[in-house]
Amino acid sequence: MTDEKFPGWHGTTIIGVRKGGRVVVAGDGQVSLGQTVIKGTARKVRRLTPGGREVVAGFAGSTADAFTLLERLEKKLEAAPGQLARACVELAKDWRTDKYLRNLEAMLIVTDGADLYVLTGAGDVLEPEHDIAAIGSGGNYALAAARALIDTDLDAEAIARKAMAIAAEICVYTNGNLTVESLSK
Numbered sequence: 001m002t003d004e005k006f007p008g009w010h011g012t013t014i015i016g017v018r019k020g021g022r023v024v025v026a027g028d029g030q031v032s033l034g035q036t037v038i039k040g041t042a043r044k045v046r047r048l049t050p051g052g053r054e055v056v057a058g059f060a061g062s063t064a065d066a067f068t069l070l071e072r073l074e075k076k077l078e079a080a081p082g083q084l085a086r087a088c089v090e091l092a093k094d095w096r097t098d099k100y101l102r103n104l105e106a107m108l109i110v111t112d113g114a115d116l117y118v119l120t121g122a123g124d125v126l127e128p129e130h131d132i133a134a135i136g137s138g139g140n141y142a143l144a145a146a147r148a149l150i151d152t153d154l155d156a157e158a159i160a161r162k163a164m165a166i167a168a169e170i171c172v173y174t175n176g177n178l179t180v181e182s183l184s185k
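The opening residue of the sequence shown carries number 1 in the UniProt record's numbering; numbering runs sequentially from there.
These are calculated hints, taken from the structure and not from any lab test. No false leads were mixed into what you were given.
Listed below are the simulated BS3-like cross-link pairs for lysine-lysine, each with C-alpha atoms no more than 27 Å apart in a straight line:
1. K185 to K162
2. K39 to K162
3. K185 to K75
4. K93 to K75
5. K75 to K99
Label-pair restraints from in silico Cβ distances:
6. G52 to N140: 29 to 39 Å
7. P81 to D151: 29 to 39 Å
8. T97 to S184: 31 to 41 Å
9. K75 to D151: 34 to 44 Å
10. G20 to E54: 17 to 27 Å
As the structure is a computational prediction, the values presented were derived from the model and not from experiment. Cβ atoms here follow ideal geometry from the backbone N, Cα and C, with glycine treated the same way.
Work out the full structure: start from the sequences and follow the hints.
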């Protein structure tokens, strides 16, 4: 993802895969500035526990912006316990209409182990087709790889790991240092 204020910033690939009653979210650790890797061990997949219920979220884009959105998502989940879709829609509405939030540059993949969503600053709350969601610089590479693997005997985690490995081989803004979190229904 490129930031208009910092046009040389690139980074990350996040993928979510739902298969066999389990959802896995995996993200790489690379942050780059132009031709330089600034950090290779960033943690862009997080476990949230608003109201004691677990949610996993991965982000691409500005870290500060993503953390702001994750904090807001936690508040929405506390206000609507166990209702991930509702919390995501409420966050997307705020993100789209709030003067401050609308300038945030990030995307999120979120899951509660049953549902899987992509949230964007355009006000989108998307439930992906084929039970796979991917965002970030290498997102399309990971998505294509996972789509090719989804009908195999591999489980959700193996698909996510393999798709991320393929993305890391193709996308110069993605590395193989993964953070992987999973939840079951």
